[in-house]
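**Student:** Sequence:
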Amino acid sequence: MVNYWLWVAKEDSMNDNDEVGSCQRWDGCDPDTEIGDYVLIYRISPHRDIKYLGEITKDCFLNTSKLPNEEYYCEFKILSNFEDELELKDMKDETELVEWYPLKNKFHKRLFSITEDYWKVLEKLIISKNQSSKDVFLN
1 MVNYWLWVAK EDSMNDNDEV GSCQRWDGCD PDTEIGDYVL IYRISPHRDI KYLGEITKDC
61 FLNTSKLPNE EYYCEFKILS NFEDELELKD MKDETELVEW YPLKNKFHKR LFSITEDYWK
121 VLEKLIISKN QSSKDVFLN
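So the sequence shown is numbered by UniProt numbering: it starts at 1 and just counts up by one.
Some clues are possibly wrong.
[Unchecked claim] Pairs of lysine-lysine residues, derived as DSSO-like cross-links and limited to a Cα-Cα distance of at most 30 Å, are as follows:
1) K77 to K120
2) K92 to K10
3) K89 to K109
4) K10 to K89
5) K89 to K129
6) K10 to K129
7) K104 to K134
8) K134 to K92
9) K58 to K134
10) K89 to K120
Quick caveat, the hints were computed from the structure, so don't treat them as lab data.
Based on the provided sequences and hints, a complete structural model is requested.
**Tutor:** Dropping the structure here:
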């Protein structure tokens, strides 16, 4: 089963030049993250947008240097760097996202699980702004 995730990127962790196809490591994955899962990356202020779609390329692993705290890393590949980002105001205006926890919580966590229903809403919104991204959403 494929999982869907939303990661919240700090101001300096992702930039507009991160290229499609580039592989990166993410600090702070959920322990249930698996190869083949998909992730949307939300950038905090000053951007306040979903800019990237990624695919997990390596199962998460525990960072033993952070023990006794549990922090997991995983590797992912950028599938799309959206030219027209899904902005916070767009998400707030979408009635189907009114009860979506990350939005209600103002993205105040490092990561969120996304149910398939909400993933489809986000996918629809992103594709409406980026027709060329339709092919990268494989589900």
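**Student:** Now tell me if each hint is right for this structure.
**Tutor:** Here is how each hint holds up against the structure:
1. Our distance criterion of 30 Å between C-alpha atoms is met by K77 and K120, whose separation comes to about 20 Å.
2. Annotation: proposed proximity of K92 to K10 holds, straight-line Cα distance about 21 Å (limit 30 Å).
3. Between the alpha carbons of K89 and K109 the distance comes to roughly 19 Å, so the proposed pair stays at or under 30 Å and holds.
4. At most 30 Å may separate the alpha-carbon atoms for a hinted pair to count; K10 and K89 meet this at roughly 19 Å.
5. Between the alpha carbons of K89 and K129 the distance comes to roughly 13 Å, so the proposed pair stays at or under 30 Å and holds.
6. For the given pair, K10 sits about 24 Å from K129 by alpha-carbon distance, which is consistent with the 30 Å threshold.
7. Proximity of K104 to K134 is assessed by CA-CA distance (about 27 Å); at most 30 Å being required, the pair is judged to hold.
8. As the CA atoms of K134 and K92 are separated by approximately 22 Å, the hinted pair is consistent with the 30 Å bound.
9. Between K58 and K134 the alpha-carbon distance is near 24 Å, which keeps this suggested pair within the 30 Å criterion.
10. A threshold of 30 Å between alpha carbons decides the hint, and for K89 with K120 the separation of about 18 Å falls inside it, so the pair holds.
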